[in-house]
Amino acid sequence: MADAASGEKTSVTITVDGREIEAKPGEMIIAAAERHGVYIPRFCYHPRMRPVGMCRMCLVEVVGPRGPMLSPACFVPVADGQVVNTETPGVKKAQDGVLEFLLANHPLDCPVCDKGGECPLQDQTFAFGPGETRFVEEKRHWEKPISLSALVQLDRERCIQCDRCTRFADEVAGDALIEFVGRGAEIEINTFPDEPFSSYFSGNTVQICPVGALLAAPYRFRARPWDLEQVESTCQACAFGCRIAVQSSNDKLTRYLGLDSDPVNHGWLCDKGRFSYEAVNSALRLGHPLVRSGSSLAAASWSEALDAAAQGLSDARTTFGAESVAVIGGARLANEDAYAWAKLAKGVLGTDSVDCQLGDGLPPEVVVGLPRATIDEACSASSVVLLAPDIKEALPVLYLRLRAAAVDGKTKIIELSPCSTGLTRYAAAVVGYAPGEAAAAARALAGAEPAGGNDAVEAARAMLGDRPVVVLGRPSVAESAQSIVEAAGVLAQLPGVRFLSALRRGNVHGAIDAGLAPGLLPGRVSLNSAGDWFSRHWGSVPATAGLDTAGILAAAAAGNVHGLVLLGADPLSDFPDQQLARRALERASFVVAVDTFLNDSVQHADVVLPAATFAERPGTTTNIEGRITRLGQKITAPEVAWPDWMIAVELAARLEADLGFFSMEEISEEMERLAPAFAGVTSELLASRPYRDGVVIPLREFPSPTRPTTVDSTADPMSTPGVLHADDQGPTEPVPAADDEGDEVEVSPSEVPGSDGGANRPPLLEWDGRVEPVTLPKPDAYALRLVVGRKLYDRGVLVQMSPALAPLAAPPVLRAHPSDLDRLGVKSGGQVRLRSARLSATIEVQADPHQRRGTASVPYNVPGLDTGALLRADEPVTEIAIETL
Amino acid sequence: MATSVDPIVTRNIGNPESWTLRSYLDHGGYEGLRRALKMSPEEVQSEVDKANLLGRGGAGFPAGRKWSMLRKASPSYLVVNGDESEPATFKDHMLMEEDPHQIIEGTLITAYAIGAAQAFIYVRGEFALGIERMTSALNEAYAHGAVGHRIFDSDFSIDVVIHPGAGAYICGDETALLESLEGKRGFPRIKPPYFPAVMGLYGAPTIVNNVETMSNVPWIILNGGEAFAAMGEAQATGTRLFAVSGHVVKPGNYEVELAKNTFRDLIYDPRYGAGIRGGNQLKAFIPGGASSFWFGPERLDMPLDETKVKGEGGSMMGSGSVIAMDENMCMVRASWRLVRFFQRESCGQCTPCREGSSWLEKIMRRIENGAGRTDDLDLLLDVCDNISPGVQWPSKWPPNMTTICPLGPSIPPPIVSAIGMFRDEFLVHIKEGACPYG
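Keeping their order, the protein sequence lines are chains W and P.
For the first sequence, our numbering gives the first residue as 315, with consecutive numbering after it.
For the second sequence, our numbering gives the first residue as 298, with consecutive numbering after it.
Keep in mind that the hints were calculated from the coordinates and are not lab data.
Among the hints, erroneous ones may be present.
Partial selection, computed: residues in chain W whose CB lies under 8 Å from chain P [to be verified]:
1) 369
2) 375
3) 416
4) 419
5) 421
6) 424
7) 491
8) 721
9) 740
Which bits of chain W does chain P cover? Going by a derived footprint, with three or more residues having C-beta under 8 Å, they are [claimed, not checked]:
10) 442-453
11) 574-584
Heads up, the beta-carbon is just placed ideally off N, CA and C, and yes, glycines get one too.
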């Protein structure tokens, strides 16, 4: 078959076991055969990595000019007219022989091996191998196991040298920290001396190990695979939205495994996501409501606590008006939870001072109102402009995707940054800028200002191409959002440009889309344009736009907030002005906290309501590209914790309002009906198999076309050992049968926004690009402008409540350019005193030639430095001084 | 039948300080290069084609044809394989120590013929003296203007690098050698691509030739391809250097005309091996290095012609090593020692070789030590079959393999030959629970 336009072949025909099949040019025999139902056994082959042909399990006969020759099916590409035999006696003998070789030195300690029961070697031995071994010699012995890192252990006796882990570390993660050592039968996988396998992605090697050689320290000896139940879900450790299998035993989470979602994570997870299930299991979880009694919080029943909460909020509203009530937080919530809370806050309490971000993100109209790109579009864009936090720290699997795209030459990365990030070494061009001056850098890149002989800018400008994608987030929380917004406004003028959000917190995009943001109503519409529509359906909405988190906290500190709801928010840790957050929480007259842990901020609350969290309730979530996927429920919440939507419904009832729904299903139905961006996103659609990867909203067509996957790894039990069968990962609750044909999903065309039936719906918000230019302080020769970014392992609850992850949060290091250190007489590696207008602290300093001169970087929210206490919310940039002790 | 021709690759050996530039020049050194530089690269290649010079590394592929397969792309490289590491193979060893300039000259001519941007000579790491002499010869050649920018005032520029290996037999495999040159683990590359001439060093088209092959090139240019082809016979032209060892009276390297001489000549001719020590009987001999199938005395009159050794004999001349074994040799032990070599040198990349070599070695050791079982012989042969499917006695060429590189199918020949020829010896070991040779 040939593409008529290009004349290039689009398929070739090969014969497998006497049957002609169509194959894609360039693909390997193993993949083509698998798609047509011929499963060739394998160990080293993985659909997401380059083949190596090492294990020899996939030997088949390929008929060549000199007759049939044994060839590895994973390494020989298909060719027109090729004849392949997979079942001849010669093939069987070779495969049996390989299996016997693999078992020769493999310890048969399956009864105590984590992999036992889900082990490809075990399974293929049952399927293909002889019943008894002929190997009577002494087996190879190694010390077992050894630690490769804090999270990964290695039993070298079990290793079959398939090169999957080493290939992953090198090729996919870019952390080539494990390697083959030795030779022949004494070959082993190991780290280099004194260099642990401290990769953010090390857990993937455990998942793809085809035997029990690589072991996850937190999982080792904890469960047997046949005792595990599982459900598909979406990781909430960041906003990237990796698909996972959530596995549990005895109503406790035991493990997350990455699922291969072609548009998102390709099967990979970061270690924070993978092991954060420990936080869900934590014994410190809030299990019952608390009500303040004097200086302490005392256990209460739900009705006591809800009564108290409703009373406090109602009093504030009655006495001081609806604008004295505010809600902070919401990124922990599922979309439906967020919608319920938006309806409670805006439709019942009547306040628009609702913000799911904590002053460390971007204005919601910028997040939703710019033309958006998907992750795939970013990875195949002519260029990717990074104006974002360190992607490796903030959205680790997006880092893997962008890194792969850059390494494979599919796109060019242009980084706008004041300091080096994980992606700097893969960037084709780096345009440095000083905090506060992002807009000037953007103007130079966009050609609005002359490059002024700056070669880096010239080079970057030449690379932009005709369809760039900007990955947009807050590069530094010590640089005001306004500065980044101004830069975004400049970049939005680039021809063909689209944006991919780099906000990082859990379901922050779903929360914004559900209306937990000032000035917005559910479905990516503005309060101005959609006020009437929602008034009609909800009864009422606030008349004017409310405050964002910075505004709410400032108002609270000024004594103007009398009812504050912390909806899974810890402003004391997260808001980049700790002093303001503290004053606000101390002065707010009445604080309700809905949370899973008793964190610093929650301790200021008058009423604490325990919430169910990830894996404890169903629902949907939205990732950075606006992809909605299903969350799975696998376990029950601790004690009497409730899902957030239920808390909203019950609070509303006590405020004498009816939110109009009594189940997640009903909320989802209302969202689809009322919230414009959610039009067409029904639970039936999401539950049908063609949409297992979710849908990107707003849907452009009905039903949303399914995309062809580049790799169908669901058919291969080897690519993700431990995920039982693709068919077993069905929906959490029965849904109407939806066949593999997308068109059986019923979505009425009349509901397409913009088509006749949807004409009344308010239009989706488009950002007008209006920004106030930032006024910067005069430069001070002795001061360094501060860059503050987050680390993957920090003081957040997900890390701190996971015993395996908590020790990985590293102490802070200040980075500055060597010439600045020289100028200030400070030695790299030593301790220095750091002073800002607000704080003085001692910190280790490191010279970093990639750090822009005149700036210094410190991490945010890590043990050992209260970075939040350095910062002022009302300053566009923060300046510090460093001096020797 | 033994013929006598003037030696080619060993012609300078025996001259005083034959490894120095002065000595080399005194004996016509670098004249071949000067002549080649006056010819076009195509003419040089055509001379080598006419000579029908077969690669002397083991595979025996015609050098001229290999060169013509070089993908046209810039840059391309020439790599000279001096990683001679097999037991009882020591011909390249001598050439590198005694006549390094001849190798360098051949390398330069070849680089010119194929248009290589740079040449690398990979020398086995254990060859301390060889590395020293190759390196100082290269320095002399640079000073002499034979290497470097616009050599001998021609338009051709070439740099040559001597790269010592790090102690792995597997790096003698051309693709493992390329990996090693690139600074990686010495793992052979998996095919496809099938030839380094298409994708070799750093992904560029690369010709890999053996040291002895290079040593023949200056002579061919000086004397013409036809003169070379006039020696030997159609598919076995010129001379070849054989490392004769084992229980012969005079072990050593002997250069003989191909096809016109036989294994008997190599082992018994007084100029060469000079017969079996102590007047003993020849029990068996290994015709082409550790990985070749063995021959019994009935094959002594087989001419030194790769086509015949493979076709009629089912073995190969391989690395040019001939090992004679007399009646006092325990064939189980001989076979085990060879298997042990392969077991120690298996790189560990692919399963059948990594696991199979160590398994076979353990069984062989057990039998030799008197703990064998009757079933072990069938087991040995079946394990061999899983590495090299269809392997049998009498042997057939070429072997099949389930492995990535030819090291895998190199393991069965000593076992299959020993069991095929001397099954009784195995049975005695097993029955008596000890080695009858003590």
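For each hint, the structure was consulted:
1. At its closest, the beta carbon of residue 369 of chain W sits 5 Å from a beta carbon of chain P; the interface hint therefore holds under the 8 Å criterion.
2. The criterion of a C-beta within 8 Å of any C-beta in chain P is not met by residue 375 of chain W, whose closest approach is roughly 10 Å, and the hint is violated.
3. For residue 416 of chain W, the suggested interface contact is upheld, since its CB lies about 6 Å from the closest CB of chain P, less than 8 Å.
4. A least Cβ separation of about 6 Å between residue 419 of chain W and chain P falls short of the 8 Å threshold, and the interface hint therefore holds.
5. For residue 421 of chain W, the suggested interface contact is broken, since its CB lies about 14 Å from the closest CB of chain P, more than 8 Å.
6. Taking 8 Å as the C-beta cut-off, the interface hint given for residue 424 of chain W is violated, the closest approach to chain P being about 19 Å.
7. Interface restraint check for residue 491 of chain W: the shortest CB-CB distance to chain P comes to about 15 Å, outside 8 Å, so the restraint is violated.
8. For the restraint placing residue 721 of chain W at the interface with chain P, the shortest Cβ-Cβ distance is roughly 15 Å, beyond the 8 Å limit, so the hint is violated.
9. The beta carbon of residue 740 of chain W comes no nearer than 20 Å to any beta carbon in chain P, farther than 8 Å, and the hint placing it at the interface is violated.
10. Against chain P, the stretch 442-453 of chain W contributes 4 residues with a C-beta closer than 8 Å to a partner C-beta. That satisfies the three-residue criterion, and the hint holds.
11. Coverage of the stretch 574-584 of chain W by chain P is violated. Counting CB-CB distances below 8 Å, 0 residues qualify, and the rule asks for three or more.
In terms of the numbered hints stated before, the structure departs from hints 2, 5, 6, 7, 8, 9 and 11, listed from lowest to highest.
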